[in-house]
Each structure stands twice: as structure tokens, then as C-alpha cells.
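Number of protein chains: 2
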Amino acid sequence: MYPPYPPDLNAAQKEYLLSNLKDWSIAHGLAVRPAPSYVQDDAGALATSAPVTLFPSLFPKVCFEQARSVARAYNELYSAIASDEGWLRGIVEELVEIDDFMASLWKVYLAVKEEGYAQSLALGLFRSDYMVHVDQSNTAKASVKQVEFNTIASSFGGLSSQVSGLHQHLLAIDAYPDELSSLINTSSLPESSSVPSLAKGIAKAHEAYGSSAEGLPTCVLFLVQDPERNVFDQRHLEYALNKTHGVRTFRLLFDRVLQDTKVDKNRKLIYTPPHTPSKHYEVTVVYLRAGYAPSDYTDQSHWDARLQIERSAAIKCPTVLTQLAGTKKVQQVLATPHSPHLARFLPDQQQAAAVLETFAPIYPLDKSEAGNEARRLATDPASATRYVLKPQREGGGNNIYRKAIPGFLKDLPESHWPAYILMEMIEPPAQSNTIFRNGEVQSGGVICELGIYGACLWDTGADGKRDILENFEAGYLLRTKGDQSEEGGVAAGFGAVDSPCLVDV
Amino acid sequence: MYPPYPPDLNAAQKEYLLSNLKDWSIAHGLAVRPAPSYVQDDAGALATSAPVTLFPSLFPKVCFEQARSVARAYNELYSAIASDEGWLRGIVEELVEIDDFMASLWKVYLAVKEEGYAQSLALGLFRSDYMVHVDQSNTAKASVKQVEFNTIASSFGGLSSQVSGLHQHLLAIDAYPDELSSLINTSSLPESSSVPSLAKGIAKAHEAYGSSAEGLPTCVLFLVQDPERNVFDQRHLEYALNKTHGVRTFRLLFDRVLQDTKVDKNRKLIYTPPHTPSKHYEVTVVYLRAGYAPSDYTDQSHWDARLQIERSAAIKCPTVLTQLAGTKKVQQVLATPHSPHLARFLPDQQQAAAVLETFAPIYPLDKSEAGNEARRLATDPASATRYVLKPQREGGGNNIYRKAIPGFLKDLPESHWPAYILMEMIEPPAQSNTIFRNGEVQSGGVICELGIYGACLWDTGADGKRDILENFEAGYLLRTKGDQSEEGGVAAGFGAVDSPCLVDV
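These protein sequence lines map, in sequence, to chains R and U. Residue numbers are given in my numbering: position 372 of the first sequence equals residue 372, and the series is strictly consecutive. To convert a position in the second sequence, counted from 1, into my numbering, add 505.
Simulated from the structure, these hints should not be mistaken for lab results. Glycine included, C-beta positions come from ideal geometry on N, C-alpha and C. Hints may contain errors.
To spell it out: a stretch of chain U is covered by chain R in this simulated footprint if at least three of its residues, at any positions, have a beta carbon under 8 Å from a beta carbon of chain R; those stretches are [to be verified]:
| # | stretch |
| --- | --- |
| 1 | 548–554 |
| 2 | 672–681 |
With a cut-off of at most 25 Å between alpha-carbon atoms, the simulated BS3-like pairs for lysine-lysine come out as follows [stated by the list, open to error]:
| # | chain 1 | residue 1 | chain 2 | residue 2 |
| --- | --- | --- | --- | --- |
| 3 | U | K872 | U | K915 |
| 4 | U | K748 | U | K709 |
| 5 | R | K465 | R | K107 |
| 6 | U | K908 | R | K14 |
| 7 | U | K770 | U | K618 |
| 8 | R | K265 | R | K113 |
| 9 | U | K872 | U | K908 |
| 10 | R | K243 | R | K200 |
| 11 | R | K14 | U | K784 |
| 12 | U | K519 | R | K243 |
| 13 | U | K618 | U | K767 |
| 14 | R | K14 | U | K767 |
| 15 | R | K204 | R | K243 |
| 16 | U | K770 | U | K612 |
| 17 | R | K204 | R | K262 |
| 18 | R | K262 | U | K519 |
| 19 | U | K908 | U | K709 |
| 20 | U | K618 | U | K970 |
| 21 | U | K784 | U | K770 |
| 22 | R | K243 | U | K748 |
| 23 | U | K709 | R | K279 |
Turn these sequences into a full structure, and let the hints guide you.
Encoded structure:
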């Protein structure tokens, strides 16, 4: 589908491109802390270029625009789901036996519900991830299909603006050979507004919270993990909040929530920085870059911490319900063929149709009608090659691909089958790129995943009637990984941050 | 002279300040490549925070303003010296036997002079370095005294803007304890405009050069060393040139001048980037960040390279004569008590008086009248304690301090004495700070050196009448080193970049 790309570089071209890439990335904070396997750094003072592609990957312009065009509809959809407790309860109840994590999150929700929520505003900084899908029966047709929808800790927005800046710089300084100029040029490289847009989302929530009734200074808390190698990604958002919006931010380790915050009698979340114990801040927004995965909750204190945040009057990004709305199970029930759920949450038919276009069919492996079809597709070696089997449990990993599916199911007691969903494989066009990571250069076939960020601030309303205060697209992310690895993610060391070079296909 | 400063931090305060410093510095390119002694990095992909002070060092406001107030006069002075071949010849002739380097530079000048210079414009990006001097007879009086004047490769301008940004950020996020607020506040931390101002200096020269008569694309060359750990300092200037002024820049290793450039029949300097051998650029400005020290010239090819640049029509920053104007010997003859030279180059009496105020007395150790006085001062153990003995030879190092001087001279044959100059020690006020460097934190007494950058573009004129086209102050640098080391320089590992916290004294 794509023209030959990228070109082979001779030694001088490679040296020019790489030395410029290495310097520009550090000079502009397109960086990560190095992995211990790369270099031991007890002082935490070293950094290296974030894993990054040498060239912007080719990406169909029509697909890029398709993904952007549904960003606001997705914000609408997921804010609706996150506001529908009754519906979400049904989802959770189906999973409660196979997924302790969801069950525990639900318990946090129930506890706060019993007490009554102190904050009706909710902030979503979402990211909808897509791959380009080429219809095998009509290879001229490319569209995006959704891989997943992230409602918590959507990362790399802080770096994405920088990657698009890097590739534009490399273009401007002639690091890309002239014969590429019909492909890579200023009009084919879209900027990513992810840093200013995500920061604006948080700033809008901060503003909507208002000032402290007690006259305390206010702040936004970034709830973070320790260690965090991807710290600069988060810092760029902080610096934009500080500089552009004059919003005070603090990083708080998930481990320190119980020590450093308290919920006062009016349920305000009060943060006391350890370095200024006599100063107290009222927290307007808690932005979770931790607490999204089971591994963040190693003992009960972490659940107590999550509860403390949830019951406070701070605006959560996200609330527990919003996090639950992002589970794979929700994606599955929306994307099951003939599902009635999409129309329920997105009554605008045009919007719903556009969103539906981005779904790859997903089936449950249960006793429903769709489940029966799924069993047939998954056990037949011929049809199975078009599918991937994914555990319903959150946390990723352990996917079963294509022809391995029938054998895997044969060995699995049928009572355990409902713990999996069957998803039609997205078939991305073949393409290649070169990745710079940990000081090493690797070239080969790659798969690109486009993420579109969305920011949404809504009021769940005392009357159960949702009111959307802010709803905007918030930039993009392109992540690229070698096509040999069927699991991925830049931070885990499998991929790189990238930016698209838009092409007509 | 100063109030107690900086405060002792408790563990939580230190952790807060340091973690913010480490992240902000990398996110904003306030970085260096790590020294091999710190970490081995064959791929050249690691970076670390530039050595930096945790607090902005106290600095008398009156001294800061004094140093800035003479910036334009110094530009005037040194452009005049660099335009006076006859006078400089006298200086060089005095040194030719003790300093091969100056002799070789002079030979380059003579060779081009014989052929005739192809470019009458010259660019100076200068930095005048000062320390605060407290008159021991009147300790209420603080003024700046010049340490040296740099006419070539004045470094750290690229980082200085960032350090001032760092300290302002740390102030804004409350990393400095409240009890300091009368000292550190937004009005006591001056911004450094060094990045935009130095870039503007180069851009003005680029513009003055004009377009290529042959219709070639034009560019500015940064002549650099390999390896260069302080690369981001240089890169920030490049990026400002690219972005703000739309000027194309290339880094060229001093070792590669003869391979990658040629001087055409019209003496234009033509650069052919190795990565695009079919593209030729006409060089408007050569900005030397290499070629300033004897160690850069390891064989004849380097002198051939320097000659190639000097005889070309590119604007040199600096020319050979401008580099020679920056030798210690020139500083000495200007600063010798009752010297007539300052008035010669700076006829404006008010300007000359202001510049004279910044001189610490410097004496030759020759047979002149001033030399006789110097011999007396240097050999008397009582008076020697107020002086430092410096070799006239360029390149730094091997200074003899205070009470070591008489013994040193006793062991040195008197015929070798003229190879040294005697300079009155500048007596800076005692102060302390904490430096973060190579992942380590060190606290103690420090000495601060303030550099004021100046940009000057002048036309030496066919008629020998100099015409100044641009003359402006170009930001500042504060460098701070431990007061135990009497040699210094951040890149060499002895000090840190800093920014001033201005105080009334």
C-alpha cells in the first residue's frame, strides 16, 4: 500500500541524522531516565533520548482524519458510560469472579456511593488507540480500527509534541534525503498539540473547581509511580500547567497518599508537602499516572489511598467509574456485532455510525448468540487465523494469536472460556522504519498505533443528568513497534514514539 | 558582606529541590554529555544535568549593573584593538619567543594579509569575566574587577538562559524556604538573554553578508571539537538561529575543514555536507567553538584549516586578529597602571573611565618602569600575598598564587621572568552554595565569576576606518566554583553554572 520507505542511508547520512536526533531530543526534553539494564544510575541524574523513530512513519491521511473526527464522539460516549452506574454494575458483575482488580475498584465506588460523592465533576483525559486496517477483500480501502480505549493514565502526550517537533526539525535541516521530499514535507507532518491540549484539560477542571472556601492555596496533584522512567512525559504537562495556566502542581507518590493528604470535614482533599509541613493546599484535581494497574496495589494501604482520593471533593482524572468504563469488557460489549449498547450511550446516529466504523468486531466466548458464533470462529483453524484471543482480565499480556487459538482452547476447560474475548485481528499494511533506543539503532518491519487524545470535563449531576462542560480533541500520539513483537508499548522497551507522515492511499 | 546564605535544608526540602532540579534541567536541555569518569557511553546517547548550583548565588546588584554598563564600551574597545594591526604586531613581537601559538596565529594573519582580506566584516561574540572585589581598605565598597576578556569561543551562553530559568522555576514552585523570600524573589533574579542575544549577533552577521552571488543556499558553520561534552550549550544557539531567524546552521569538526570546505575563485567559502555531497552551501559566518587553544592544533593540517577559513570571504567569529586581541598580554598592557593604551582605543573619556574602573592592576615582569615595580611587589613576601603570577602563554593553568610567588621566582632564571605577568588578586566576598554535579551534591565556600556577553559586528573598512554596525550587550553568565580550587571552569569539572540573586550591599 505504501511506497518504498524509508530509504537506505549511507554512513554520512546516518551519522548526520543520528547526531542531530540525539542532540535535539535531549535539548528539548524528549527523554527518559535510562533503564537499569542500559546503565546503572543510583543518583537518578542520567537521561537518554526517548525511544524514537528516525523517520516519521507513513500513515494514510484519510485514516488520521478519520481517527481525529471521532474524538469528540468518543469523549461523549465514555463520559456517558462512566455516568451510568447501573449499566457498569452489569459489566462488573460478569467479571467479578475472574478479575479481582475490577471487583476491588467496584468496592471503592460502592463505599463512596454509600457516603455520597462529594464532587459531581469528572475529568477524562482519554486516548483512543487505533491501527490502520486494510480490508483483505478490498486492499484499496484503509480505515482505522480501535485497539483499545484508555480512560486512565493515558501516557506519552508529554513526549508526542516533542517527537513531531523532532521530525519537523530533521526535515528542516535536510536530514531526510531529497528523494523523499514528495512524501516528507511540511504539509505532511502534522503538529501534535498534546502538551498544550492535555494541560488545558487539567487547567479547565482546576478552574471549574474554583478557589478554596477556606482560603487555602490550591494545587493539582500528579499521582505517580516510583520509580518512573517516563517522568519527562509527565513533567512537560506540569510545566505547561505552571507556565501557561499559572497552576501549581505537585507530584505525589501513590505510596505517600495516606501520609501527605487528608480529607477534611468538608471532604476537601488537603495536601501538605513534606518540604513545607506548615503549608496546606486544597487539591482541585488529582491526575492519576499511578493506580491504573493491579501491580500498583501491593497491599490494603493502596486501596485505602484510592478510597481517600475517590471520596474527596477533588476532581478525579479519572473517577473509579471512569476507569472501569475503560476496561476491555466494555470495549467488547460495544463492539460485539449487533450490540445495542452504542446507541444507548450515543443517541446521535451520525456520531454512533462514525464510532462504529472504528470498531473491530469483538466477541464474548460465552453462551450468548454472539458467543456461539465466536466459538465457531475460534475453533475452526481456517477462520481462527483472522483473530486474537485476549484475557478479559486487565493488565495486558498473554494474548493468543491466530492459528494458536484452536489448540489453546482445546486444552482449556470450557468453563474457563468466558474469561477470554475473541477480537478480529486488525491487518495493518506492511511498512518499515528504524528505531533509536538505548543508544542502539534497529531497522525492520514495524506496526504503528495511532492514539488520539481527548479531554472531557462533565458534571454527573445530582439528578443523574450529565452535563458536558468541556469536550475537545487533545492531540495525537503515534507509537511504533517492531512487527515481530505482538505485544507492545514503548515504556516496556518494545517500541518507540513516532509521528505520522501523512500519505494519500 | 552577605547575609547568611543559603539555608540548611532538611531531608524533605533537599529531596524536593533536587528532584525538581534534576527533572527540569533535563526537560529544558540544561544538560551535558556525561564525562567518561562518570559513566562510559560509547553510543553517545546519555546526558546528565549540567553542573549547576542549587541556589542562585548572592551577587551585589551594583556590581551586576556595573558589569552590564560597560558591555558596549568593551565591544568598542576590543573591536578597535582587533582593527589595529600595527599595535597588535607590537604585542605579538614581544611574545613571539615564548608563545609559539601566538606566533603561528600571527603567521596566518600575515599570509592572508599578503593575499588581501576578502571580507572586511568581523563578528565578535565576546564575554568579559568579572569577580566581585571588596576593597580591603574599605569593605563597604564592592565593585567588579575583570578576570579576563574572551574574544573566541565564549561558552555557556547557551546554558545560561536555562540556569536562570531553572532558578526562577525553583522559586516559583516553593523549593526555596520562605525565610529566603526577602532575598530570592522575582525581582532579584534577572533573566539571561544570552541565547536569543548571541543568536541575534550571528544572525545580524549572516544578514550583513547577504545572499550568494552564485545563487547557492547560505549557511552558518559552527566549528567544533570532537568530542564535545558541552554540546547542548552550542545547540541552543543553533536552534535559536534556525527557529527565530530561519538561518541554516551546520556543525563542522575542526578536523574536517579541509575535506568539507573549499575556497572558490572569488574566495567564497563553500561547504559541502558529507551527507548531501551534491549540495553546496556558501558560508556566511564561521563561528569558532574550536581552534582557540594550542591543543586544537595537533599538526600542520589544523593551521592549514585555520588559514583556509581566514582567507575566505566568510565572516569570522572571530578573525585571527580578534582572537589575538583577547590574549592576556593585551589585557596586561591595558591594565598596567598609567597605561596610555586604553585612551588610544577608547577616546570617549567617560567610557574609558568606566572600563578602567573594572581593571585589576596588572604588571609585566620586564625591564620597564612598571616591570621594576612588579619585581619589587612579587619578590617581597608581604606584598606578594596580594598577587597572582600568570604565564603570558595562552591556555591557562600553572598560575602561582600569593606567598608561593617569591620562592617560585627565586628558582626561575631571571631571563625567563618576562614570560609571566603579575596581577593583583581580586578579593571576592566569602559566600557559600551547593553544587549538583555528576549526580553528586557538594556544599561549601564558593567563588562566583560573572561573565557579560557582548555582540559586535564591525567593518574594518578599506580605508582602515572602522565602522561599527552592531554593538549590544548579549546576556550574562554566572559561573561558580568551590573556593578551594584556584583554577576553574565548569567544563573542566571544577565548577557549575549559576545565576545571580541580586542583593543590595
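query: So which of those numbered hints doesn't the model satisfy?
result: When the structure is compared with the hints, numbers 6, 19, 23 turn out to be violated.
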